[in-house]
Structures are given as C-alpha cells and as structure tokens.
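Enquirer: With chain A held as given, fit chain B onto it using these hints.
Protein chains: 2
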Amino acid sequence: MTTPLRLGIAGLGTVGAGVVKIVQRRADLLAERTGRSITISAVSARTRDKDRGVRLNDYAWEDDPVTLARRDDIDVFVELMGGSDGPAKAATEAAIAAGKDVVTANKAMLAIHGQALAEAAEAANRVIRFEAAVAGGIPCVKALTEGLAGNEVQRVMGVMNGTCNYILTRMESAGLTYDEVFDEANALGYLEADPALDVGGIDAGHKLALLSSIAFGTRVDFGAVELEGIERITITDIEQARDMGYRIKLLGVAQMTGRGLEQRMSPCLVPAFSPLGTLEGPTNMVVLEGDAAGQIVLQGAGAGEGPTASAVMSDVLDIARGIRVSTFGKPASALVTATAAQASVPAPFYLRMNLLDKPGALAKVATVLGENGISIDRMRQYQHDQATAPVLIVTHKTPRHALDAALTAMSGTGVVEGDPVAIRIEAV
Amino acid sequence: MTTPLRLGIAGLGTVGAGVVKIVQRRADLLAERTGRSITISAVSARTRDKDRGVRLNDYAWEDDPVTLARRDDIDVFVELMGGSDGPAKAATEAAIAAGKDVVTANKAMLAIHGQALAEAAEAANRVIRFEAAVAGGIPCVKALTEGLAGNEVQRVMGVMNGTCNYILTRMESAGLTYDEVFDEANALGYLEADPALDVGGIDAGHKLALLSSIAFGTRVDFGAVELEGIERITITDIEQARDMGYRIKLLGVAQMTGRGLEQRMSPCLVPAFSPLGTLEGPTNMVVLEGDAAGQIVLQGAGAGEGPTASAVMSDVLDIARGIRVSTFGKPASALVTATAAQASVPAPFYLRMNLLDKPGALAKVATVLGENGISIDRMRQYQHDQATAPVLIVTHKTPRHALDAALTAMSGTGVVEGDPVAIRIEAV
Chain A
123 MTTPLRLGIA
133 GLGTVGAGVV
143 KIVQRRADLL
153 AERTGRSITI
163 SAVSARTRDK
173 DRGVRLNDYA
183 WEDDPVTLAR
193 RDDIDVFVEL
203 MGGSDGPAKA
213 ATEAAIAAGK
223 DVVTANKAML
233 AIHGQALAEA
243 AEAANRVIRF
253 EAAVAGGIPC
263 VKALTEGLAG
273 NEVQRVMGVM
283 NGTCNYILTR
293 MESAGLTYDE
303 VFDEANALGY
313 LEADPALDVG
323 GIDAGHKLAL
333 LSSIAFGTRV
343 DFGAVELEGI
353 ERITITDIEQ
363 ARDMGYRIKL
373 LGVAQMTGRG
383 LEQRMSPCLV
393 PAFSPLGTLE
403 GPTNMVVLEG
413 DAAGQIVLQG
423 AGAGEGPTAS
433 AVMSDVLDIA
443 RGIRVSTFGK
453 PASALVTATA
463 AQASVPAPFY
473 LRMNLLDKPG
483 ALAKVATVLG
493 ENGISIDRMR
503 QYQHDQATAP
513 VLIVTHKTPR
523 HALDAALTAM
533 SGTGVVEGDP
543 VAIRIEAV
Chain B
123 MTTPLRLGIA
133 GLGTVGAGVV
143 KIVQRRADLL
153 AERTGRSITI
163 SAVSARTRDK
173 DRGVRLNDYA
183 WEDDPVTLAR
193 RDDIDVFVEL
203 MGGSDGPAKA
213 ATEAAIAAGK
223 DVVTANKAML
233 AIHGQALAEA
243 AEAANRVIRF
253 EAAVAGGIPC
263 VKALTEGLAG
273 NEVQRVMGVM
283 NGTCNYILTR
293 MESAGLTYDE
303 VFDEANALGY
313 LEADPALDVG
323 GIDAGHKLAL
333 LSSIAFGTRV
343 DFGAVELEGI
353 ERITITDIEQ
363 ARDMGYRIKL
373 LGVAQMTGRG
383 LEQRMSPCLV
393 PAFSPLGTLE
403 GPTNMVVLEG
413 DAAGQIVLQG
423 AGAGEGPTAS
433 AVMSDVLDIA
443 RGIRVSTFGK
453 PASALVTATA
463 AQASVPAPFY
473 LRMNLLDKPG
483 ALAKVATVLG
493 ENGISIDRMR
503 QYQHDQATAP
513 VLIVTHKTPR
523 HALDAALTAM
533 SGTGVVEGDP
543 VAIRIEAV
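These protein sequence lines map, in sequence, to chains A and B.
Convert by adding 122 to the 1-based position in the first sequence; the result is the number in the numbering used here.
Convert by adding 122 to the 1-based position in the second sequence; the result is the number in the numbering used here.
Derived by calculation from the structure, the hints in this document are not laboratory data.
Mixed in with the good hints, there may be bad ones.
Since copy identity is lost for identical chains, a pair holds within one copy or between any two.
The calculated lysine to any residue pairs, modelled on SDA-like cross-linking and capped at a C-alpha distance of 25 Å, are [unchecked claim]:
(1) K480 with E154
(2) K211 with R170
(3) K143 with H523
(4) K480 with E306
(5) K143 with D413
(6) K143 with G339
(7) K143 with E427
(8) K143 with T379
(9) K143 with Q377
(10) K143 with E411
(11) K172 with T379
Same shape as in the complex, but just chain A (with noise of 0.2 Å):
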C-alpha cells in the first residue's frame, strides 16, 4: 500500500456530501480496488453550520476554495462547486497552479474554459477529470475516452437533462400543459434556480459540448451549439407524435459533416421503441456511434446525489489507480477548432401550423414547401370550429437551411397564424 491519496473537496451541496459518504463508508474496498486509502484532508462550503447528514469534524475547513485547492495536504482538488466562473474557476486554476490533479461535476465551467483549463493542467502535469459533468452517474465520459478510443465516431447522441425528459413524459402521461409540469417540477426542486438552464437546453448543451470535443478531438466550443429549448411543445406535438410513432425528446446530437461539426441541442422525434424513444422521467441516454463498435446506448440516473457521488468517485479512484488520460482524450494542443456546421444534416421534420380558414390556404403552404425543395410524406388537416384549422406536416429529408427558408416565405403567404412549430426527425 502506498500513501493515501488525499482529497480536498470544496462545495458540499448533495454531491458534496455524497461523495464524503462513499469514501467514509466504503474505506475498505476502494483501498483494496485501487491499492490506496482515500482520505480526505479539508473541505469548503460557503456556509459552515449546516447539517449535511456526514461528519466532517475530522477535515480541515476552508472558507475560501482557493485556500483549500492551495492546501499542502490534499492531491487531489474535487469542485463540486457548480457555475462557470467565479469561485470554481478561480479555485480551479490554483490547484492546478499547485500541483493538483482535478476532479469536477462542472460542465459550465468545462464548456465555457475546458481547453484553457485543459492547456493549464498539462502544462502542469495535471489531470482534470469530468466524469460526473455528464450524464450523472452514466460512466459516458470514460465510455467515449477509452473504451471506444479504437474509433472513428461518427455520432454522438444523448438525453442528458433529467428534468427535461421529466417534463415531455409527464405532459404525455398526465395530459398536462408544458405550463403545469413546468410548474410541478418546480415545487418538487428539479429545476435550477435559472430554469432556462434546464428547460432552454443550456445545460444540456454543456454535456453535449463536452462529449464532441472527446468524440471530435476539437476544442470545446459550446457557443457553436445550436440551442432549443423545450418551451413550445405541446400536448398536441406529443399526441400527434405517439401517433405517428414518435415520442420528443431533447435530444443533443453531435456529428462531423462535410461541412464541419454540428452540434445541436433540441427537441426532437424520435421512433417510440427505439433506446431513446422508450426513456422515461429523469433517466438520461447518451448514444455512442463509432465506426468500428457500432452504435453504443448507455442509460442511467443523470443526477442525483449516489450517481453522481459515484461518477466523482470513478475518478478520484482511477488517479489513485494512477489512470491518467488528457482531459479530452488527446493532449489539448492537438485538439482542432472545427468548422461550425449549421444543421447541415438533412432529416425529416415534423410541421405544426395553424391555418386561416382561407380558401386555397392548403395549397399555399404546399406550394411554398415545393418551391424550397421539400417533398411532404405525410399530412393531416384536422376538424375545427374556429378561425384557423389544424395542419400537420412530415415532410421528407430536407436540410433546415430549405426548411427555414420555407417557414420564412411561409409567414408572408398570410395564410398562417402566428409561428408554425418545426421539430427534426432524427434516424437513431
């Protein structure tokens, strides 16, 4: 046995003291797994006299996160903080400058400074590891990094935020509005304080940022991801979907193109007994595709205090088991700013619109889809009292530039009330 390997955690939030549980409950096995005791030295919170269900008398405390990550005797840096900037970053940085390796739950903070982070840590002889930004307590990242690093991937796939899922099954099931289960979530604390966060796909597309600089070998770069949120589903979209044989989800999809990598975060349908259509509630799926393994499903709890603990203690353990890997899978110099495609991939989409109740208003519509190119493969008009009419459209595969080209010229036909829905078809 060599010397333990000494933790400082700072942030002590439900993950925080998830984490302090498995290493004070589980002492034994993790030091006969990795061949290290795993102690913990200090810990940081912001505030102090709080009952966090663990002792944490025998650790050192910090009031301030730098303090901590700087301290002699701790070797690895866990920041369990959360935001991008601020605190976690600063805090970051130091143990970096100091000599430590990092483990982190924070995506933001990766997304928006993964690879000056990444450069920093190398230059430093350091690790930083992110298994638990993603996909909860899904060993995704360590799935992607090494266990398909024989591969060309193709594609990358994922349901990564519990909440949305949570909200798109429930309305399903209970026949609520995206009101009331937006409302229902609240209460119950899924939601992140900002819940643009959740619900406009942010955090989503952090993680989703995050797996396509490992699957991609380039530099994060989450501004280049197309982001949609959930806001504009309705029941009908879901209805309609279930009948057709799709279920929506929030779907991020990565993939290098012709014309360079698209990466976009956004509802989406997908076939209803396919991996991703049969999720249910706060599970997340991440969907690996690689030339040689071929198509890779994962499922899992995507937050929540043992599963994330769990993707935290991974890698605490596999420093101490001495796995050392480049934050994203290739040294961070070699990773390459890619080309930002915009949805260059073409799919079928699904259309929802209202018409006015116009002679010729059909025809119209029609018309215009023709004339940007875009065949229709399937079409319902639905029975109406008042002034404008239901009309559903799938079309066939068309690339969204045609498709926005058709929404736009669409609006000045005068024929369509307020903004048709557009949702992609994604093949999974």
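Expert: Showing chain B alone in chain A's frame:
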C-alpha cells in the same frame, strides 16, 4: 512521443483481422489519443495462406503462438485464438512469463483459469485485459471495473449471447419453432462449432462469471454458475409470456445474497417494456446495479468484427496510455472464494405443464404447490382436443428450492404428463 507499443497478434479470424485493420487505418488517431504509436511486430494463425482482407506482409509470421508470445519485439500479446486450454493458455502463460502484457477476447480461458492467470500476471507486474471477452463492443468490463469502482455492486445482469437472443426473438417474430430457428441460425453461421456453448448458456455463463468476479471481488467460479439453456423454450411459452406483458431472454444474473454468491444463466421472463425486454436480435445488454450509481444499462453489438476489435483496441490503448488495473479490479490475492448460493433469492415463476384429462387433476397440482408454500398469482387452463390440457401458472415469489420440491412432488401425482417447464420471472 515515447517508443511505440508493439503488438503480437495470435489468431487472425474475424476479430484478429479487424484489429489489424484498425491499427493500420487509424494509426494517426491512435497515436494522438495515446501519445504512442501502435505497431504490429508479428502475427500467428493456424494457416498462413489465406486471404484475410488485410495486408500482413510487414509483420513477422510465427506458426507457433507460444514463440510469438515470447518474441523480444512485442510488448503486448493479443490472444484471439479462443479455447479455454491448449495453445491459447500456453501462449498466454508464455507471454506473461516473458514480461508481456496480455489482451484477450477469450472468455472460456479466463472463466476457467482466470485466477491463476491473474496471479501470474500480477507476480510478473503485467496486466491481463479482457474487454472483448464480455459483450463484444460494449465497454462493460471498464464500466464495472473503473466506472463503478466507488460502488458496492448489488447485482449484475446481462443478455450476453447474441445467438440465443436472435433465436428467441426470431421464434417470436416469425412464429417458428425452436428447432426451425436453430437450423436457420446454424445455416447463417451464427452458432459455435459446439452449439451447446451458445444455446446451453455456457458462453454467456463464462461472461457472467467474469463480471461476477469484478463486481463482488470474488475468485472467478464458472463451475458455480447455474446453467440452463434455451432448448426447452416453446412458441407457446413465448406467446404466453407476451400475453402477460413479459418476454423471454437468456438472462445472466449475479448477486451477493445472505447465503452467498448467486450466479445463474437461464431463460427468464422480463417485463416487455424494460430495457432488457425491448432487446431485439443479436444485440447484447449488460445491467450493472451499484449502491450509489443505481441501475446502469449498457447496450450494443455483442459480436462481430468491428465491435469485438473495438473492445480489443480499447484494452491495447489503455496499455499505451499507461492504464494498469488489476485483472478483476482488485489484486488477485485479495479476491475471496465465494460460497455458491443455489438461486436463493425468491422470485415468481412461470410454469407450464400438460395435465392429463382426469377429474381433480388441477386440484392435485394446486395442492402440491400449496403444500410447498407456493401461492398462485395467475392460472390459465386452455381448451384442448387431446388427452392432455395445457395449464399455465404464475406463482407468487417463491424460493427455487420450494419450487423444485413442488415439481418433484407433482410428478408423483400421476396427473402431469412429462416434465413441467419452470421459468423464473426476474424483476429488472
């Protein structure tokens, strides 16, 4: 860039050729990811003159894999010959003795000799890696050994023989008998030379024994795996299961119970809409349950050139990256000998039997069940023209030994024709 990592590959079947292709085609990518170039020094196979679709001229040829394993110009011995003993074992032992790391896809060898080989490797400070031995392209060995290293594992389950899952799902979708689909699978080359390896559950049992060892820190004990094949499953069973909301899978389950380690590979009914229940064709699925992570589900191709070669390369690249983990996740000396528990965890069972058309026949069966403490959840007796009537019973939870006692007693009643079929219903 440090020195290259030099491979010696023994076995040039589908998987071996697939590994050579990846090394040749992805040389730059692999070097960038690991910081070392991956080269092949020498290869070996039973016959030299055979078109394998890859260029081998640059590599030394060895007729004898043992000689290959000892060559000075290899760092890693890649064993892809198969077979639990014979050349595979001899060459693996020779490689370890000569100070080489070993990557193998050989589940049979490790299921039988895993402990001895792990001890030898650790004594020589070498590693044995076997991602490709379990569930093809799915990085499940890594997920369990490293991804869930912070967990006390509670249960491991898996559908890990693609041929059996193909047979069962094909019987269902085409309405064919077991014998018909067996012949079809044989004609398609899906079956091992000895079909009992597939349909008897042996191959999948080997894989389960390996996962068990990692999960529970126990010495591999394939002999303790309760094996039951799929040969007795009929279309009737599949249809009845479906009617009740279940599907039949050849399912491996390993869990530590109060009575010891339970390992079984047997047909089970699983809920049709669970991940395991939705699995189609030759796809594999591994389910890992940890105390912190909860349930992690991994799905992918369980066989084939690309997926298996991807798994082999994952191990090779780990070695190139300096990742060195004990064979079964703990030092071999720390693995304990588990008490083998005979399926002690109670479960509901599906029973099918043919009752002779005698007054009181059903009452006698029900009485036998009651006398053994087994209560009936559901029962169906079908119309019949012959002298026997098919009867289906779903029991409430019962220990297997009570069921076995009841089945024995039933055959003494003189009202049951032949042996009843009993299939466990696994909660997943």
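Enquirer: Next, verify each hint and record whether it holds.
Expert: Going through the hints against the structure:
When the C-alpha separation of K480 and E154 is checked against a cutoff of 25 Å, the pair qualifies neither within a copy, at 75 Å, nor between copies, at 62 Å. With identical chains, the CA atoms of K211 and R170 are at most 25 Å apart within one copy only, with a shortest distance of 21 Å there and 58 Å across copies. With identical chains, the CA atoms of K143 and H523 are never at most 25 Å apart, being 51 Å at best within one copy and 38 Å at best between copies. In this homomeric assembly, K480 and E306 never come within 25 Å of each other (Cα to Cα): the closest approach is 40 Å inside a single copy and 59 Å across copies.
Taking identical chains as interchangeable, the C-alpha atoms of K143 and D413 lie at most 25 Å apart only when they sit on different chains, with a minimum of 12 Å there against 40 Å within one chain. Taking the shortest alpha-carbon separations for K143 and G339, only the inter-copy value of 21 Å comes in at or below 25 Å, while the best intra-copy value is 36 Å. Only within a single protomer do K143 and E427 lie at most 25 Å apart by alpha-carbon distance; the minimum there is 10 Å, versus 43 Å between protomers. Proximity of K143 to T379 under the C-alpha cut-off of 25 Å is restricted to the inter-copy arrangement: shortest distance 23 Å between copies versus 45 Å within a copy.
Proximity of K143 to Q377 under the C-alpha cut-off of 25 Å is restricted to the inter-copy arrangement: shortest distance 23 Å between copies versus 39 Å within a copy. Proximity of K143 and E411 under a CA criterion of 25 Å is satisfied inter-copy only: 18 Å between copies versus 35 Å inside one chain copy. For the identical chains of this complex, K172 and T379 are neighbours neither inside a copy (51 Å) nor across copies (37 Å), given an alpha-carbon limit of 25 Å.
Checked against the numbered hints given earlier, this structure breaks hints 1, 3, 4, 11; the rest are met.
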